[in-house]
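Student: In the order they appear, the protein sequences are chains Z and L.
The first sequence lines up with residues 1 to 515 when you count with our numbering.
The second sequence lines up with residues 516 to 851 when you count with our numbering.
None of these hints come from the bench; they were simulated from the model.
Remember, predicted model here, so these are calculated numbers, not experimental data.
It cannot be assumed that every hint is accurate.
Taking lysine-lysine pairs in the DSBU-like style, the calculated list, with each CA pair at most 30 Å apart, reads [unchecked claim]: (1) L:Lys842 x Z:Lys64; (2) Z:Lys242 x Z:Lys216; (3) Z:Lys242 x Z:Lys205; (4) L:Lys842 x Z:Lys156.
Quick list of simulated restraints, FRET-style, between CB atoms [stated by the list, open to error]: (5) Z:Phe381 x L:Val688: 27 to 33 Å; (6) Z:Ser24 x L:Ile834: 37 to 43 Å; (7) L:Arg535 x Z:Phe197: 50 to 56 Å; (8) L:Val727 x Z:Ile69: 41 to 47 Å; (9) L:Ile546 x Z:Gly25: 40 to 46 Å; (10) Z:Pro122 x L:Ile663: 55 to 61 Å; (11) L:Ile838 x Z:Glu76: 27 to 33 Å; (12) L:Ser536 x Z:Arg222: 46 to 52 Å; (13) Z:Gly25 x L:Gly644: 24 to 30 Å; (14) Z:Glu76 x L:Val727: 39 to 45 Å; (15) L:Lys842 x Z:Arg34: 37 to 43 Å; (16) Z:Ser24 x L:Leu836: 36 to 42 Å.
Idealized CB from N, CA, C, for every residue including glycine.
The lines below spell out each chain.
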Amino acid sequence: MRLSSLRIAHFHKAQMTQPCLSLSGVSKSFPGVRALNDIALDLYPGEVTALVGENGAGKSTLVKILTGIYQPDAGEIRIDGTPISLPTALAAFEHGITAIHQETVLFDELSVAENIFLGHAPRTRLGLIDWRKLRAEAQDILSSMGAPISPQTRLKDLSIANKHLVAVARALSIEARIVIMDEPTAALSHKEIEELFVLIDLLKKDGKAILFISHKFDEIFRVADRYTVFRDGEMVGAGLMKETNEADLVRLMVGRSVEHVFPKLDITPGALVLNVSGLSHPTEFEDISFSLRRGEILGFYGLVGAGRTEIMQALFGITRPSAGTVTLDGRPALARDPAHAVDMGIVYVPEERGRQGAVIGLPIFQNISLPSLRTTSRAGFLRLAEELALARKYAGRLDLRAAALDQDVGTLSGGNQQKVVIGKWLATRPRVIILDEPTKGIDIGSKAAVHAFMSELAAEGLSVIMVSSELPEIMGMSDRVIVMREGRMAGEFSRTELDAETLVRAAAGIVEEAA
Amino acid sequence: MNEVPQTPRTIPDRLESPFRSALKSWEALLIVVAVAIFIANSFASPYFLNPWSLSDATFNFTEKAIIALAMAMVIISGEIDLSVASIIALASTAMGFALQFGVDTPTLVAIGLFVGLACGAFNGALVAGFGLPSIVVTIGTMSLFRGISYLVLGDQAFRGYPSDFAWFGQGYVWWVISFELVLFLVLAGLFYVLLHRTNFGRTVFAIGNNPVAAQFSGIRVARIKFMLFLLTGLMSGIAAILLTARLGSTRPSIASGWELEIVTMVVLGGVAILGGSGSIAGVVIAAFIMGLVTFGLGLLNVPGIVMSIFIGLMLITVIALPIVAGKLRQQTSGAK
Chain Z
1 MRLSSLRIAH
11 FHKAQMTQPC
21 LSLSGVSKSF
31 PGVRALNDIA
41 LDLYPGEVTA
51 LVGENGAGKS
61 TLVKILTGIY
71 QPDAGEIRID
81 GTPISLPTAL
91 AAFEHGITAI
101 HQETVLFDEL
111 SVAENIFLGH
121 APRTRLGLID
131 WRKLRAEAQD
141 ILSSMGAPIS
151 PQTRLKDLSI
161 ANKHLVAVAR
171 ALSIEARIVI
181 MDEPTAALSH
191 KEIEELFVLI
201 DLLKKDGKAI
211 LFISHKFDEI
221 FRVADRYTVF
231 RDGEMVGAGL
241 MKETNEADLV
251 RLMVGRSVEH
261 VFPKLDITPG
271 ALVLNVSGLS
281 HPTEFEDISF
291 SLRRGEILGF
301 YGLVGAGRTE
311 IMQALFGITR
321 PSAGTVTLDG
331 RPALARDPAH
341 AVDMGIVYVP
351 EERGRQGAVI
361 GLPIFQNISL
371 PSLRTTSRAG
381 FLRLAEELAL
391 ARKYAGRLDL
401 RAAALDQDVG
411 TLSGGNQQKV
421 VIGKWLATRP
431 RVIILDEPTK
441 GIDIGSKAAV
451 HAFMSELAAE
461 GLSVIMVSSE
471 LPEIMGMSDR
481 VIVMREGRMA
491 GEFSRTELDA
501 ETLVRAAAGI
511 VEEAA
Chain L
516 MNEVPQTPRT
526 IPDRLESPFR
536 SALKSWEALL
546 IVVAVAIFIA
556 NSFASPYFLN
566 PWSLSDATFN
576 FTEKAIIALA
586 MAMVIISGEI
596 DLSVASIIAL
606 ASTAMGFALQ
616 FGVDTPTLVA
626 IGLFVGLACG
636 AFNGALVAGF
646 GLPSIVVTIG
656 TMSLFRGISY
666 LVLGDQAFRG
676 YPSDFAWFGQ
686 GYVWWVISFE
696 LVLFLVLAGL
706 FYVLLHRTNF
716 GRTVFAIGNN
726 PVAAQFSGIR
736 VARIKFMLFL
746 LTGLMSGIAA
756 ILLTARLGST
766 RPSIASGWEL
776 EIVTMVVLGG
786 VAILGGSGSI
796 AGVVIAAFIM
806 GLVTFGLGLL
816 NVPGIVMSIF
826 IGLMLITVIA
836 LPIVAGKLRQ
846 QTSGAK
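Kindly generate the complete structure, drawing on both the sequences and the hints.
Tutor: Structure representation (structure tokens):
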């Protein structure tokens, strides 16, 4: 059985000295962009190598080269010292390279067992799939991982965390030697991340070489043995984790030292702007009441699934609440649809940037002008010059990094896409801006820019609602925090009473022990 | 404060000059194809380079091309309307039916337009109002609309359209320039402005690229889609008037199979079949190409079946060519 290798860590320390995958001189260019330039990277069996770098540093391009999706323009890829080429995804698979992505690329309509064994299912003598064996082996792998998933479940019925487990099970089943994890924790809760780390240890013991990509430093220091840093498509540093520290890595990544201080300006909240009272939804949230003042940043903290996004989408006219009132400047303001919300001055930057935020396929300037077409046009006719001027203005204010304003927004890095989405809304001159996980999955540089910008906007009198699952962000940026738990408000805290422990307790529903 | 040293950079508006990107465009390739076919035709038949022949050549595509203009917008928005040819049948039947009561030409025209709009509204309500997939809805209404025509007419035909009505399909505005051609060119101009120069057209592109993000950007997606189906309905109504006037009779089998030829025209014109991109200029050139090809083959006495084989091959070739060329270029640059 394959799993014997899992239980017996039968690989020797001596092997560690030789990298099993080694890249040298790898370069890749796209029209107008040099994505990778003379990159070197070594992965060692039984070790986790963290790949760190800002968005746009070339990490995704490297992953795509290693998984056979992109072809490098130059350079060499060696496995155990033998040069190989990876012309297709299948070739990568055959060389034992597998990847676990941020948004898992598995098949929703297939069962867990089928997903694990897709392409290498056990066969009967007639060459048909041996379903009984397939299920049994899938069950074996899953239980060896301690994953509480039935092999018969359809993948679409699983949470993202469990989908990751299936991806890991797949990696174990194909006897992959090299496992790439591309921001695997981005959508996971704290507990699920811990479980993932246990699995990573399991994979290490099994002698697999792991490339771990993450923006979260605590995770990198937790799981990685080595690091490689990319900046603007170049390899700028590599070494052992135990010989470095967070400040050094950040300096390498950004090429400058960034003090991780939240640029929150002190403000005195002004007049009441938005008032929400008794807002309820049959399944998602109940009896939500809060108010928002001019210039205020109101944080919404809670676990994933606490109903925060649904409340925000109700304010934006996407989800229909069953009861409750919303007023803006004292007038009723329950949005019928997003167009109505935008007209009233309530705008929403969604969490799912690629699916709901940016119109991938349209150029940057058309994305920015999309909700403002009424002001940039005359009598319904487009005025390109006005659109470009609007786009230039907000691209400049948000320090957008792009080759040209007519570039497809889909070719930008995540952080820059987010800037386009925020710019699009600011151009409509809103009263209230709702930001749903505004810095999820974006690089440190863009993160700092978004935070600085939020603070600036609030100081200019805009009212901001920020949904975030990142404690430092919530605590660093909010004037006031509402904690949500299972669709209800679990507490409200002002800036002065914010401390991490209280927020986490409220979100998890842990009652203070009686003294 | 934030000590991020950044060189303030201005982002240029365009990567390439409009002229250079126009040279590399699909439309440029189509023009080359059109010219090549024109030259080939003039060598192949001595009757081709004659103003009246060329004028005749336009009749076999203008009606389809008028619908293709609206179809292009529907496909760019990520939907499709396969009921257009059946709308022609229903509108033509309605006009023929009214003719039995001796109505005048303006009334006939009004009936044709009204039935087109009504069919479009029906499709639009099902797609936009109930959120049903347009391919299913319009396959359904394709049978429904033509079925009504068969029910009314059986194996009969309506005849006896007045001669001033016939002018819409047979008349000339000036010398060899037909009314149909002029109407098509005027509509093409209007559609060009609508798709490429108005807010409405911009939202159509946004919806085609990402309907969810478009909705999240405050676009009333359902309303736009409803209007697009009204447009294909209206254009089908116009085509029904032209075709009925040209043939002088209505049979339930009128314009059958046109929906696929129209979709072919749109795709050949460079409109992405999955939505999100395309241009009116491309569709107009593609309409002329298809007209030239069918007419040229007709002059050579090539039977209809062979013609449809030729059009199918041409579609696949034109679509595959840039993709294959791109792959070859990639391979040669990878070998360096």
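Student: Okay, Pro122 of chain Z versus Ile663 of chain L on CB: inside 55 to 61 Å?
Tutor: 56 Å Cβ-Cβ, so the 55 to 61 Å window holds.
Student: Going straight from one Cα to the other, do Lys242 of chain Z and Lys205 of chain Z come out at no more than 30 Å?
Tutor: With a Cα-Cα distance of about 19 Å, the restraint between Lys242 of chain Z and Lys205 of chain Z holds, given a limit of 30 Å.
Student: Take a look at whether the Cβ-Cβ distance between Arg535 of chain L and Phe197 of chain Z falls inside 50 to 56 Å.
Tutor: holds, 52 Å
Student: Is Lys842 of chain L close enough to Lys156 of chain Z, meaning Cα to Cα at most 30 Å?
Tutor: Between Lys842 of chain L and Lys156 of chain Z the Cα gap is close to 35 Å, so the pair fails against 30 Å, i.e. violated.
Student: Falls inside 39 to 45 Å, the C-beta gap from Glu76 of chain Z to Val727 of chain L?
Tutor: holds, 42 Å
Student: Given the hint that Lys242 of chain Z pairs with Lys216 of chain Z, does the C-alpha gap stay at or below 30 Å?
Tutor: holds, 17 Å
Student: Take the C-beta atom of Lys842 of chain L and the C-beta atom of Arg34 of chain Z, compute their distance, and say whether it sits inside 37 to 43 Å.
Tutor: Violated, since Lys842 of chain L and Arg34 of chain Z (Cβ atoms, about 23 Å apart) do not stay within the stated range.
Student: Regarding the pair Lys842 of chain L and Lys64 of chain Z, is the alpha-carbon distance no greater than 30 Å?
Tutor: holds, 18 Å
Student: Tell me if the beta carbons of Gly25 of chain Z and Gly644 of chain L are separated by a distance inside 24 to 30 Å.
Tutor: Given about 59 Å between the Cβ atoms, the range is violated.
Student: Could you say whether the range 37 to 43 Å given as a hint is met by the Cβ separation of Ser24 of chain Z and Ile834 of chain L?
Tutor: holds, 40 Å
Student: At the C-beta level, are Ser24 of chain Z and Leu836 of chain L separated by a distance inside 36 to 42 Å?
Tutor: Holds - the Cβ-Cβ distance for Ser24 of chain Z and Leu836 of chain L, about 38 Å, lies within 36 to 42 Å.
Student: Taking the CB of Ile546 of chain L and the CB of Gly25 of chain Z, does the distance hold inside 40 to 46 Å?
Tutor: holds, 44 Å
Against the hints set out earlier in the document, violations occur for numbers 4, 8, 13, 15.
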